[in-house]
Each structure stands twice: as structure tokens, then as C-alpha cells.
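Asks: Position chain V against the provided structure of chain W, taking the given hints into account.
Chain residues, written in single-letter form:
Number of protein chains: 2
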Amino acid sequence: MKLFTVGPVEMFPETLEISGRQLPYFRTPEFSEIMLENERLLKESVGAPTEAKTVFLTASGTGAMEAAVINCFTEADKLLIINGGSFGQRFSDICRIHRIPYDEIKLPFGDTLTAKRMAEADGQGYSALLVNLHETSAGQLYDIAMLSEFCQRNHMYLIVDAISAYGADEIDFEKYNVDVLILSSQKALALSPGISMAVISARMYEERVLKTDSGSLYLDFKEHIANMTRGQTPFTPAVGILLELHHRLKQIQSQGILQMNKEMQSLAERFREQLQQKGFTIPAYPLSNALTPVLLKPHAREMYEALKEEYGLIVTPNGGSLADTVIRIGHLGNVKWQDYEELLAAMVQIRERL
Amino acid sequence: MKLFTVGPVEMFPETLEISGRQLPYFRTPEFSEIMLENERLLKESVGAPTEAKTVFLTASGTGAMEAAVINCFTEADKLLIINGGSFGQRFSDICRIHRIPYDEIKLPFGDTLTAKRMAEADGQGYSALLVNLHETSAGQLYDIAMLSEFCQRNHMYLIVDAISAYGADEIDFEKYNVDVLILSSQKALALSPGISMAVISARMYEERVLKTDSGSLYLDFKEHIANMTRGQTPFTPAVGILLELHHRLKQIQSQGILQMNKEMQSLAERFREQLQQKGFTIPAYPLSNALTPVLLKPHAREMYEALKEEYGLIVTPNGGSLADTVIRIGHLGNVKWQDYEELLAAMVQIRERL
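Line by line, the protein sequences are chains W and V.
Here the working numbering is used: the first residue of the first sequence is 1, the next is one more, and so on.
Here the working numbering is used: the first residue of the second sequence is 1001, the next is one more, and so on.
Same shape as in the complex, but just chain W (with noise of 0.2 Å):
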């Protein structure tokens, strides 16, 4: 079986030695100060300055993205959340569950997010910006530049779930003023899924964290960066994860992310290339290098079938609407030009018969 899945994602063996150890006790300082290198590497993977804030959560992505709604926002506040596909729903359904008032821009599948249409949002007085900067159920990179610029025009704060576009595509913390930005440690970074991090400006932590009222105790941002200051978290976390993160990052660092998306933009710029060569539609909007949408209208759910089935090789499928319309394949973690040129033959050979 090879991954060309978006999480979990196919590891390195690195990662799964590292996997495969005795987990240490982790209320020591020899754990502490791997927290606290864990939380400088990826300020720093990011471009996020040292005073940002780093939580680590032992959840899935929505954890974490539930967690940044209640730590900064109320009642009072009125957001605007791109909302161009299940992701984008999902800050819906959290703010909506919380009765945080919001506002959507809503993308039917195909459609590309523009400065034109963030225009029709300028001073309408919404407090914050919430953004899936690559909407992994359709594949598309939104603008980061286009969308700070937009968020510092009308004084509002940026929350970015970068969770599928970290690695893959350029993110900038302080460049592109973000306040939280939301990770995930199995994707780019080819974890084990279970634990997702928030980074935090100083401002948002100041003028929001401190004053909001979290309404949980398990995901309160006060309590995990009170503890982070001497590299703890607050209830016991998915230690073993921790350690992988701490590996990767290292690794990362000394190839530099810029350099590691560069090379996972050129995997996936050759891929559909290659794809379009050999006569396969992929959507005209914007694309992330973590993943590469097939259009194979009706046949998608067969072509994900028989490449699971027949030649071990599993895409990602699409839920709901998309089911019979797309399929994606993943560019992350541990997956090399050879493993698509075998992609490729075998997707060509399942179209002949469907």
C-alpha cells in the first residue's frame, strides 16, 4: 500500500523508528525542554516572531479550530469565514454552535476566491478574517497576500488553518500579520494524527486570550500557554507525537521549509503536467501544492476504488456532493517522483475500462 493520501499521509522511516520507542514520563525537564524547542522550531517554520504564543493540543485539526474560535472571540464579535467547502463549513458550524455571530463567503465548487469579491466584504465591521488557506476538500490555495492585505484594511484580525497548506505552500506569520495560525501534525509534517498546535500573536494573545472566557477547560489557551512557558502542557499529551514533531522539525529546519516547498511544489507541478498530458482535468482555480484534484466526473468513486483495490494505491476521496465528481492526490510526507509515474500508468489503464 503507498499513501497519496492527505493525513495520515505516508512517513518517513525516520519518523517510525522514532515511533516505535518506549515513550519516556514527560513531567521532567529533559521533556520540557524538548517542548520548548518544539515551540522555537515551528515559530520559527513559520516566520513567527518569539513573542508569539504556541499551544499544543492532543486533538484533530477541528480541536484546534474550535479552540482558536472560543479563546478570541464572543458574542460580540461579527466574522467572516471562506466557506469554499467542508472546511470552510466547519468554522461555520463551530461559530454557529457557539452563537458567535458570522458572516460567510460562500464558494460553489470551481469558483476562485478574488480580491473582487473580498472588496464586497470592506467595512462592513466584522472583527476577524477565518480562513482554511488551502481548502483541502477542493484542493484550493487562497491568496495569503490578497487576504492580509484585505484583514489590515478593515482592522481586522487573521485566523489561518494552515493544517493541509504548512510545508506545501508559503506561509509568513509576521509578513502577512496573522493571529493564530492552526497545524496539524499529520500532514506536510507526516506525523501520527493527534496532535494540532496554535500559534498566537502577541496582540491577539493580549488584547483576546487574556480577556476571553474560553467557556472549556480542556481547550482553554490560558491554561496551555501558562504551562508552555516552562515547556508543559496541562493534561497529559500525546507524548509520542511530541517526540516525532521534535525530529521534524529539526529535519526541517536544516532543509529549510522554503526549500521543502519548492521541492513539493515541484513534484506536484510535474505531476499535473503530466496528468493533463495524458488527458486528465484538474480545476482551473488555484492549487495547492499539498494535493492535486483529478476531475473524473461520475467515475471518481471507481477510480479510487480500483486503485485501492487492484494496484494498493490509495488517493483520497471526496465525501458528500463530490463523491462521483473528484478525486485527490496528496504531495505530503513520503512519497517520491517514481511512486506518481506508477500513479499515473495505473490511472490511465483504470480509465481505458470506465
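No lab work stands behind these hints: they were computed from the structure.
These numbers come from a predicted model, not from an experiment.
No residue lacks a Cβ here, since even glycine has one placed at the ideal position from N, Cα and C.
Please note that a few of the clues may not be correct.
[Claimed, not checked] Short derived list, chain W residues pointing at chain V, Cβ under 7 Å: (1) Pro8; (2) Tyr25; (3) Thr58; (4) Ile97; (5) Ile100; (6) Gln124; (7) Ser127; (8) Pro193; (9) Tyr218; (10) Gln349; (11) Ile350.
Replies: Chain V in isolation, oriented as in the chain W frame:
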């Protein structure tokens, strides 16, 4: 290093072999089947009937404790909490944060929870009792038969955090009319931390969960239970730990959970006998088989440090007011009698110079 901790604990080589494997993609019938078997085996191991529901959360135990409270109770309830240490306190914190009225039965360190003490709370109109069956900060095991009887005669729901009692002490969901049983991966299951579970009675599900607005997306039981009908979770789970769990539950099934309790009991009793023969003091209240507290005032912290630094033996230190008073020696996971002989010898040597 050898862990005599209460989580993470010394893991079994067979578990670590699984931890070191590449993870599969999880939105597949194969993974669903594993999850449905996880549910069946887990319920069987706690004596829960088929109609009970199970939730697998990617979270620390505290996440599951909070989820249990918010999915079952509201501001219209009045709850009773046994607060005999930091985990009882955690239930109180959760209720305070969610504005759910509660009273506490406070047990100062050293006090035993008696039927007489419970009887003082008879007829007060409480909707439920919240209890950490084994208050892990002190090592006290409460009498589940007595607490169950209290709940029955007062028509109260019974919420049992059995995180550190599971596998060590007898738990019988059906016999004791438990309504929510809370479990976690890193105690007697001896898995990586990161997954916590709740087993929910049919009556609690129908009378409460279905009718309660949990106020959370991530911790909502309804979402989880609906997904578990097809063996899935609403959000990407800690796939690796769920695979470890599957292996371990099969192992526990073939060993028998009562046999597992018995072996841990005989290990704990033999250790306590030897400790006392060597002049160490243990508390007078009833103890869980999961750990042995040793009273070492005012040298507890030094004992912990010396065992760790000089012998590579990691026992569990206490925090807060008990830091200098008590160390806790776990009996969970892959620990054998010869490990305790080594530990006892080291403790005697260290005591000589304290």
C-alpha cells in the same frame, strides 16, 4: 530507564511493534471494521451491554471528562462530585466553567470515603454523582458498590472516571449501573497517550445525550456516536493509537480482564507487604491496584530525584501540596516482580542517607 509511572507507562514490545508501523488511511471499510471491534471488545472488557454507546476521542482523559459533563448535564442540573484530590477537583473545575451547579464531598488527603459520609448527601435532589473511581493523585480506590447503591437509592446517574482504575480494579458497567465510564489509552492499556473513551449507557444516551446541546463541535457525543454506527470518527483520529488499542483489547480478551485485575492485585499486594517490612509507610485508606503511594514526608521529592538520576527508575512524583509528602509507584503496563525488587533495593539505599 524503567517507568513505574501512571501514564505513559512501560509499554509491551508487541504494542511498540505496532507503534512503529506505517499508518493506514482510515476512511476505509477495513479501518471501520477495526473500530467496530474496538467498540465491542472495550464494552465487553467493562461489562457493558451491547446497547451501550462508545465514543473514541482524540484527547487526554480531561477532554473525555469535560465531554461527559457537557453532553449529559446543563445549568438545570445539580451534581455531586467526590473531590479527593486533583482529579476530583478537575470535575469541579469543569462544572464551574460550564456553570453547572454542583456540590462537593471534599476529602482531605488521608481521609477515607465512607458510606456514612455519602449518606449525608441522601435526598438532596442531585441528578448525578461524578467520581474518579481511583483518585489517582492520592491512590484511593472508592467503593463502587457503595457508590452505585447510593446512586440507585437517590435516583442519580453515575459518572465514573475509571481512567486509572481500568484493568487494575474491578469495574462492571452493568452490575453497578454506570451511566458514563471514562477511559484513557495510557494507563493499564499501556498504549501511547492520545485517545480517551467514554462508554455511555442506553438510558443516558436516550434521556440526556440526545436532548442536550453540548455546546461543542469537537467534543459532541452525538456526532461521535452517529459516526461510530459505521465504525468511524467525525474527525481524523489518532489512528496509530486506535490500532495499538485493537491489538491490546484482543490480548486482554484472551487473558480475561478479571485475571488481569488479579495479577495486578497480587503484584501490588506483594510490593506493599515488602515495603512495610522494610519500614516504609503507605496510606490507611483503600488503595487501587494501579499504584502504591509511599509516605515519605518531607523527602518525597528527593526520593523521586535520586531514583531517577542514580538508578534510572522513574516513579510518579506528586504536585502541589503533596510534592514533599508522597511518591506514587505504578503497577501498570509491562512491569514485573523483579523490577520491584530492584526498586525496593534502591529505595532502601536512598533512604539511608535522607
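Asks: Against this structure, judge whether each hint is valid.
Replies: Taking the hints in turn, this is what the structure says about them:
The beta carbon of W:Pro8 comes within 4 Å of a beta carbon in chain V, closer than 7 Å, and the hint placing it at the interface holds. Interface restraint check: W:Tyr25 against chain V, minimum CB-CB distance 5 Å, threshold 7 Å, status holds. Because the closest C-beta pair between W:Thr58 and chain V is about 5 Å apart, less than 7 Å, the hint holds. Interface restraint check for W:Ile97: the shortest CB-CB distance to chain V comes to about 5 Å, inside 7 Å, so the restraint holds.
The interface hint given for W:Ile100 is violated, since its Cβ lies 12 Å from the closest Cβ of chain V, which is over the 7 Å cut-off. The interface hint given for W:Gln124 is broken, as the beta carbon of that residue sits about 25 Å from the closest beta carbon of chain V, more than 7 Å. At a threshold of 7 Å, the smallest CB-CB gap from W:Ser127 to chain V is about 20 Å, leaving the interface hint violated. The restraint placing W:Pro193 at the interface with chain V holds, with a minimum CB-CB distance near 5 Å, inside the 7 Å limit.
Look at W:Tyr218: its Cβ gets to within about 4 Å of chain V, closer than 7 Å, so that hint holds up. Of the supplied interface hints, the one on W:Gln349 is violated, with its beta-carbon coming no nearer than about 21 Å to a beta-carbon of chain V, more than 7 Å. Among the interface hints, the one on W:Ile350 is violated; its C-beta lies about 18 Å from the nearest C-beta in chain V, farther than the 7 Å criterion.
Of the hints listed earlier, those the structure fails to meet are numbers 5, 6, 7, 10, 11, in rising order.
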